[in-house]
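Those protein sequences? They're chains A and B, same order as listed. For what it's worth, our numbering labels the leading residue of the first sequence as 2, then goes sequentially. For what it's worth, our numbering labels the leading residue of the second sequence as 431, then goes sequentially.
It is possible that some hints are incorrect.
Said to hold, decoys possible - Derived pair list, reagent style DSSO-like, types lysine-lysine, alpha-carbon separation capped at 30 Å:
id: 1; chain 1: A; residue 1: Lys3; chain 2: A; residue 2: Lys99
id: 2; chain 1: B; residue 1: Lys433; chain 2: A; residue 2: Lys84
id: 3; chain 1: B; residue 1: Lys433; chain 2: A; residue 2: Lys91
id: 4; chain 1: B; residue 1: Lys521; chain 2: B; residue 2: Lys543
id: 5; chain 1: A; residue 1: Lys99; chain 2: B; residue 2: Lys433
id: 6; chain 1: A; residue 1: Lys91; chain 2: B; residue 2: Lys435
id: 7; chain 1: A; residue 1: Lys3; chain 2: A; residue 2: Lys84
id: 8; chain 1: A; residue 1: Lys91; chain 2: A; residue 2: Lys29
id: 9; chain 1: A; residue 1: Lys3; chain 2: B; residue 2: Lys435
id: 10; chain 1: A; residue 1: Lys99; chain 2: A; residue 2: Lys29
id: 11; chain 1: A; residue 1: Lys84; chain 2: A; residue 2: Lys99
id: 12; chain 1: A; residue 1: Lys84; chain 2: B; residue 2: Lys435
id: 13; chain 1: B; residue 1: Lys433; chain 2: A; residue 2: Lys3
id: 14; chain 1: A; residue 1: Lys3; chain 2: A; residue 2: Lys88
id: 15; chain 1: B; residue 1: Lys554; chain 2: B; residue 2: Lys543
id: 16; chain 1: B; residue 1: Lys502; chain 2: B; residue 2: Lys554
id: 17; chain 1: B; residue 1: Lys502; chain 2: A; residue 2: Lys88
id: 18; chain 1: B; residue 1: Lys521; chain 2: B; residue 2: Lys502
id: 19; chain 1: A; residue 1: Lys99; chain 2: B; residue 2: Lys435
id: 20; chain 1: B; residue 1: Lys435; chain 2: A; residue 2: Lys88
id: 21; chain 1: B; residue 1: Lys554; chain 2: B; residue 2: Lys521
Hints listed in this document are in silico derivations from the structure and should not be mistaken for laboratory results.
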Amino acid sequence: MKRNWFALITSVLMFATVVSSQFSPWWKAQIGSDLVTVNADPFFTSFNILGASYIIPIIFALNVGTAALFIASGIALIVYTVKPAEKYSKHLLSFGWKRPLYVAIGFIATLASLLYITPTAINAMAHNIVTPTPIVPLIGSSTIQLSSNILNIPVQITITTTATFTYSFFLGMVTAALSIAARIHHHRILGANKDAKA
Amino acid sequence: MDKVKWGLRAISSICMLIPLLYVILPCMLTGDFLGIFIPPQLQKLAGSVDLGQAGDLNSTFAALGINPSGFKMPQLVGLTFDDSNGIATLKLNITNPLVCRRITVNRISFTVKNGTQSFTVQLKEPVVIEANQTGILNFSFSSTDPDALRSLVNIINGIEQPAYAEDLQISNLYVDVNGIVIQASDLGNLRELFSGGSP
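Make a model of the complete structure from these sequences and hints.
Shown next, in the form of structure tokens:
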């Protein structure tokens, strides 16, 4: 019986992605030199102000839910790999292969929209702050400029922001790509297993 | 097969609903809806801002990782000029109010103008103030014109009082502290600056 090795590798990488997120967030942004750090991740999002770490409760709940679902999908893919020709296996594959893709697309879409919506909101509320759009680039560096008066002297304050995707993000992308390969490979496996039975 | 399909749907629902209910339910029961969106450490901060509790500033600062008793203006301990290497050293007694973060002064530079002449003074190397540290730190400055820098140090220390000292203008200030850059094109007269007056 032929096995869908793409599905097995995908499931292993799914577990690895969740574990690596605990050590390195998918996307990391810094405002100033470590003054404010944003660690955006589908499984563990946090932010850090002046060295103190904070977690937003609702995002934490969504992260835990996504991680649990991701792990459950990985387990479903392993069960599918053991018995790919069973009738119930197509449901397991359907449940498992979409998850990395949904998480990757959902993460990028949410992150990009937040980066574009936030500066619009800040510029509307605070007129002396000129925030670039996006407020922090997806990759690279940018600046936020404020005009102020210190001791009656007009000053220009520039805050450097830098952002980068980490290896966890690329691991997530590879997992998503392999999950698509696992889905495509499923039909070949079914065909090959039918031929073997005949 | 439907059992598998429905079982997987149930797993999806359970995985997402349980964490959400775990966070949302306690907040709904206590009527604390801000607790859904604001980290527990920052809830005191939001509460004191809402109620205008200025007296609770200490806990507000503590929530932000700032030691409230550490807020002190840097005190001038001394300003000297070393003729052997042309470097001016400014000694300041500084307290870092940040509990968990060091402060790094990456760059300070400014231009001193006296009529048509001008020279630039800049920090020789970055200065690090460790978290919660109080102590005297040396800021070493070099200049494009060491003789002019010596005169500037003497003027500030009150050793020299040349006629042009009244007209010394400070401009092009550039300060980089922890990646936050403060720039001022014109700070005005040096004497007014040191006497605390506006330019």
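These are the hints, each one checked on the structure:
1. A:Lys3 <-> A:Lys99: This hinted pair holds, its Cα atoms lying about 22 Å apart.
2. B:Lys433 <-> A:Lys84: holds, 17 Å
3. B:Lys433 <-> A:Lys91: holds, 13 Å
4. B:Lys521 <-> B:Lys543: It holds: about 24 Å lies between the C-alpha atoms, which stays within 30 Å.
5. A:Lys99 <-> B:Lys433: Given that 30 Å is the threshold and the Cα spacing comes to 20 Å, the pair holds.
6. A:Lys91 <-> B:Lys435: holds, 10 Å
7. A:Lys3 <-> A:Lys84: holds, 10 Å
8. A:Lys91 <-> A:Lys29: violated, 37 Å
9. A:Lys3 <-> B:Lys435: holds, 24 Å
10. A:Lys99 <-> A:Lys29: The hint holds at about 25 Å.
11. A:Lys84 <-> A:Lys99: holds, 19 Å
12. A:Lys84 <-> B:Lys435: holds, 16 Å
13. B:Lys433 <-> A:Lys3: With Cα atoms ~26 Å apart, Lys433 (chain B) and Lys3 (chain A) stay inside 30 Å; holds.
14. A:Lys3 <-> A:Lys88: holds, 15 Å
15. B:Lys554 <-> B:Lys543: holds, 20 Å
16. B:Lys502 <-> B:Lys554: holds, 25 Å
17. B:Lys502 <-> A:Lys88: violated, 73 Å
18. B:Lys521 <-> B:Lys502: It holds: about 16 Å lies between the C-alpha atoms, which stays within 30 Å.
19. A:Lys99 <-> B:Lys435: Distance of about 15 Å is within 30 Å: holds.
20. B:Lys435 <-> A:Lys88: Judged against 30 Å, a Cα distance of about 11 Å means the pair holds.
21. B:Lys554 <-> B:Lys521: holds, 14 Å
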